[in-house]
Amino acid sequence: MKRFPIYRQLDFMDCGATCLQMVAHFYGQRYPVETLREIMVTGKQGVSLFNLSEAAEQLGFRTEAVATPWDTLRQDTALPCIAHWQDQHYVVLYHITSRYVYVADPAAGRMRLDRNTFLRRWRNYKDETGVLLLLEPTPSFYERSSTLTPKQPGSWRFLLSYFRPYQRYLWQLLWSVLAVSIIQWVFPFLAQSLVDEGIQHQNLPFIYLILAAQLVLFVSQTISEVIRSYLLLHLGNRVSLSLLSSFLQKLMLLPHAFFEQKNLGDLLQRIEDNQRIENFLTSQSLHVLFSALTMGVFSLTLIYYNPLIFSVFAAGSILYLLWIGLLSGRRAQLEYQRFEASADGQVKLHDLLFGMSEIRINGSQQRRRQRWEAVRIRQHQIATRALSIDQLQHRGGYFIHELKNISITFLAATLVMEGALTLGMLVAIQYILGQLNVPLLSMIDFSQSAQDAKLSLARLTEVHQRSSGNPEADHFMLLPRQASLRLKNVTFGYEGAKSTKVLQHVDAVFPWGKVTAIVGASGSGKSTLLKLLLKLYEPTEGTMYVGHQRLTQQSSKQWLTRCGVVMQDGYIFDDTLLFNITESDSRSPLDKERLAHAARIASLEEFIDSFPKGYHTRIGQNGIGLSGGQQQRILIARAVYKNPDYLFFDEATSALDAETERSIVNNLENFYQNRTVIIIAHRLSTVKHADQILVMDQGRIVERGTHHELTYRKGKYYHLVKNQLELGA
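Just so you know, the sequence shown maps onto residues 1 to 729 in full-length UniProt numbering.
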């Protein structure tokens, strides 16, 4: 059977793209996952089967999505194919035998599963079928060149670029490693001389000389290792800081769509990747370099003493590595199962703790506890199997390791009795074996750490290679003053040109110095329209203008400096009230008049004065807890403090009581002067005084006018607001 290629997914939502990458490689075409991600529609939850099929057809596959029973899969299905896995994942099914199903999982690697395990993860229990995406390459697949994608620098080359400023430290490290290696190389010859010349000839002065030499070498070795450890820690921390800093800097340049596609766990994983790389650099990389030099030096020394003994050592070491590698795949599968069960257990425990009120109200204590216990039992079963394999791997490896040492000792002792070796040479050989065994074990651990570090580097490299946004907007253009905003035939879909359109053929003008309200039912596209105006997304079709300039030609950073925004999901930082309100101002000292003005408009003065520390009161996750209304007032104050030309409010007062909202709306009326204001709201009191009202329905603007004009028409707007008090029934 042809060995099936395996790739690992970099993100939670990359499983579909990675599966397609593996199948394309199997048929002879190699595509970077970045290329495949671009041609398929990927969101936070991954990719749909339809979009995965469309992407495969763009590569030249003929595809068919089917729901099939087990018998049809086993007898009549062409492999490899992509299987929908546990209702939330994709894997590649590439081989089936009478006993086992072979699966390439982009999250766990190659797996050999028995039939029951496979069916439990693949089959839908409602109709006993599972979902597959069948793929057959067409001639166009082979005609298409996968080399069209520009070659990106490898992960290790990417990491090496961070070492260039510290070449002096690298040379110092290299010299320290060489010094320690040379010192260690001398020790076996000293041990041989001590026995053969000192002890056998009872030459006490010579023994003193050898012991003094060993002491000097030991002190020198210790000093070299201390210097080496310091240099490595210093270098590793500097590189790690540079790596993390450049990562965060790049992250801040990426378009908003990147964060919409990523889970929080994916982003946090990349932060942890930096820590993993730092650990790899500081604790393992140089140690393995030293181990490799040690193995090379002492292997040559052992060959010098006796090639036959080295042959036995090499054969035993190879057998040991084969035994460890034989069971490593099974251990990796169990580790993945353990990770799945652990994640499931965390979710169950989270529900148990944070849903306690609902559990008590509904009397479901026993059911919830039993679900958690079932997961714990599964974790115990996996841990038991993992322990059995671990014991077999380590005990078997220990047996091979000791058998090798005993065989070498027996062979060396025999050679001593035959006169081929001296007693001092036997002692030296035992010392050499001790020095060779330790690097051998560390090299095995290093191989796994290197794989983890390589995966971490791939994740970081993938972020650094992403485009920072629209190339047209990279250059500086002076924004026009007092300019209206205009949308011309704007269409937008979150998942690309072929996806469902959230906005369709929108034409609108937002006049300078006027207040425009946007209303509509939930899901009509109001917030999406606001995000387009903020350049958080680019239109799929159509053009946006600020004055006579295309908004797409402006850099997002430059445009957002002119905008004040309060979003539905605005964020309160774990910081003081002062710095939460003045987030847009990095100057020192801060403008106290602007600060007081912003607090007064947002009706925050009484709230701030209620705290002993006033503006210096800490809020956020580790500070004072805030209600929804208090958070919204802080966000309004933040937008007002920025003193923007364009003001965007998305349900900015939805959590406020009627009296507070009325007060803030009245305060804002004067602030709106000489500013373009766009408001999204459901409350009539917030929108009825707007200069124009746009009514949206299913991604289109269906009505526009003032409050009085729209209520007089009794159209969509009238039906949206007629139940509110001002309009009566």
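No wet-lab data here; the hints were simulated from the structure.
Using N, Cα and C, we set each Cβ at its ideal position, and we do this for glycine too.
Please note that the accuracy of each hint is not assured.
Straight line, CA to CA, 30 Å or less: simulated BS3-like cross-link-like pairs of lysine-lysine [unchecked claim]:
1) K514 <-> K348
2) K348 <-> K501
3) K714 <-> K557
4) K501 <-> K454
5) K514 <-> K688
6) K714 <-> K454
7) K714 <-> K250
8) K454 <-> K262
9) K262 <-> K514
10) K488 <-> K613
11) K514 <-> K501
12) K514 <-> K250
13) K716 <-> K688
14) K714 <-> K688
15) K488 <-> K348
16) K488 <-> K501
17) K613 <-> K557
18) K613 <-> K262
19) K250 <-> K262
20) K557 <-> K716
21) K488 <-> K454
22) K514 <-> K454
23) K592 <-> K488
24) K688 <-> K348
25) K404 <-> K514
26) K722 <-> K514
27) K722 <-> K688
28) K592 <-> K613
29) K348 <-> K262
30) K250 <-> K404
What follows is a list of derived Cβ distance ranges for each label pair [as the list claims (entries may be wrong)]:
31) Q249 <-> S357: 37 to 45 Å
32) L455 <-> R144: 43 to 51 Å
33) L241 <-> L626: 40 to 48 Å
34) A314 <-> E143: 27 to 35 Å
35) E606 <-> Q249: 39 to 47 Å
36) D351 <-> D507: 15 to 23 Å
37) E143 <-> H394: 38 to 46 Å
Consistency of the hints with the structure:
Taking the CA atoms of K514 and K348, the gap is about 51 Å. The hint is violated against a cut of 30 Å. For the hint linking K348 to K501, the alpha-carbon distance of about 37 Å lies beyond 30 Å, and the restraint is violated. Distance check on the hinted pair: K714 and K557 sit about 42 Å apart at the alpha-carbon level, beyond 30 Å; violated. Of the pairs offered as hints, the one joining K501 and K454 is violated, with about 39 Å between alpha carbons and a cut-off of 30 Å exceeded.
The suggested pairing of K514 with K688 holds, with an alpha-carbon distance near 13 Å, which does not exceed 30 Å. A distance of roughly 64 Å separates the Cα atoms of K714 and K454; the hinted pair therefore is violated under the 30 Å criterion. Taking the CA atoms of K714 and K250, the gap is near 51 Å; set against the 30 Å cutoff, the hint is violated. For the given pair, K454 sits about 21 Å from K262 by alpha-carbon distance, which is consistent with the 30 Å threshold.
Restraint check: the Cα-Cα separation between K262 and K514 comes to about 36 Å, which exceeds 30 Å; the hinted pair is violated. As the CA atoms of K488 and K613 are separated by approximately 50 Å, the hinted pair breaks the 30 Å bound. A hinted pair counts as satisfied when its Cα atoms are at most 30 Å apart, and K514 with K501 qualifies at roughly 29 Å. Between K514 and K250 the CA atoms are separated by roughly 37 Å; this puts the pair beyond 30 Å, and the hint is violated.
The suggested pairing of K716 with K688 holds, with an alpha-carbon distance near 15 Å, which does not exceed 30 Å. This hinted pair checks out: K714 and K688 have alpha carbons roughly 15 Å apart, not beyond 30 Å. For a cut-off of 30 Å, the pair hint linking K488 to K348 is broken: about 49 Å separates their Cα positions. Of the supplied pair hints, the one linking K488 and K501 holds, its CA atoms being roughly 16 Å apart against a limit of 30 Å.
Using a Cα cut-off of 30 Å, the hinted pair K613 and K557 is violated, with the two alpha carbons roughly 34 Å apart. Only pairs whose Cα atoms come within 30 Å are accepted, and K613 paired with K262 is rejected, the gap being roughly 38 Å. With a C-alpha separation of about 15 Å, the suggested pair K250 and K262 falls inside the 30 Å cut-off, and the hint holds. For the hint linking K557 to K716, the alpha-carbon distance of about 37 Å lies beyond 30 Å, and the restraint is violated.
Distance hint between K488 and K454 is unfulfilled; the C-alpha atoms sit about 47 Å from each other, more than 30 Å. A C-alpha spacing of about 55 Å is found between K514 and K454, which places the hinted pair above 30 Å, so the restraint is violated. Taking the CA atoms of K592 and K488, the gap is about 41 Å. The hint is violated against a cut of 30 Å. With a CA separation close to 47 Å, the supplied pair K688 and K348 exceeds the 30 Å bound.
At most 30 Å may separate the alpha-carbon atoms for a hinted pair to count; K404 and K514 exceed this at roughly 86 Å. A C-alpha spacing of about 25 Å is found between K722 and K514, which places the hinted pair at or below 30 Å, so the restraint holds. As the CA atoms of K722 and K688 are separated by approximately 12 Å, the hinted pair is consistent with the 30 Å bound. With a C-alpha separation of about 16 Å, the suggested pairing of K592 with K613 holds against the 30 Å cut-off.
Taking the CA atoms of K348 and K262, the gap is near 23 Å; set against the 30 Å cutoff, the hint holds. For a cut-off of 30 Å, the pair hint linking K250 to K404 is broken: about 52 Å separates their Cα positions. The beta-carbon spacing between Q249 and S357, approximately 43 Å, falls within the hinted interval of 37 to 45 Å. Taking 43 to 51 Å as the suggested C-beta distance range, the pair L455 and R144 does not conform, at roughly 28 Å.
The beta-carbon spacing between L241 and L626, approximately 34 Å, falls outside the hinted interval of 40 to 48 Å. Distance hint check for A314 and E143: the Cβ-Cβ separation is about 49 Å, which falls outside the suggested range of 27 to 35 Å. Checking the proposed 39 to 47 Å range against E606 and Q249 shows it holds: the Cβ atoms sit about 40 Å from each other. Taking 15 to 23 Å as the suggested C-beta distance range, the pair D351 and D507 does not conform, at roughly 47 Å.
The hint said 38 to 46 Å for the Cβ distance between E143 and H394, and at roughly 52 Å that hint is violated.
Hint violations for this structure: numbers 1, 2, 3, 4, 6, 7, 9, 10, 12, 15, 17, 18, 20, 21, 22, 23, 24, 25, 30, 32, 33, 34, 36 and 37, all remaining hints satisfied.
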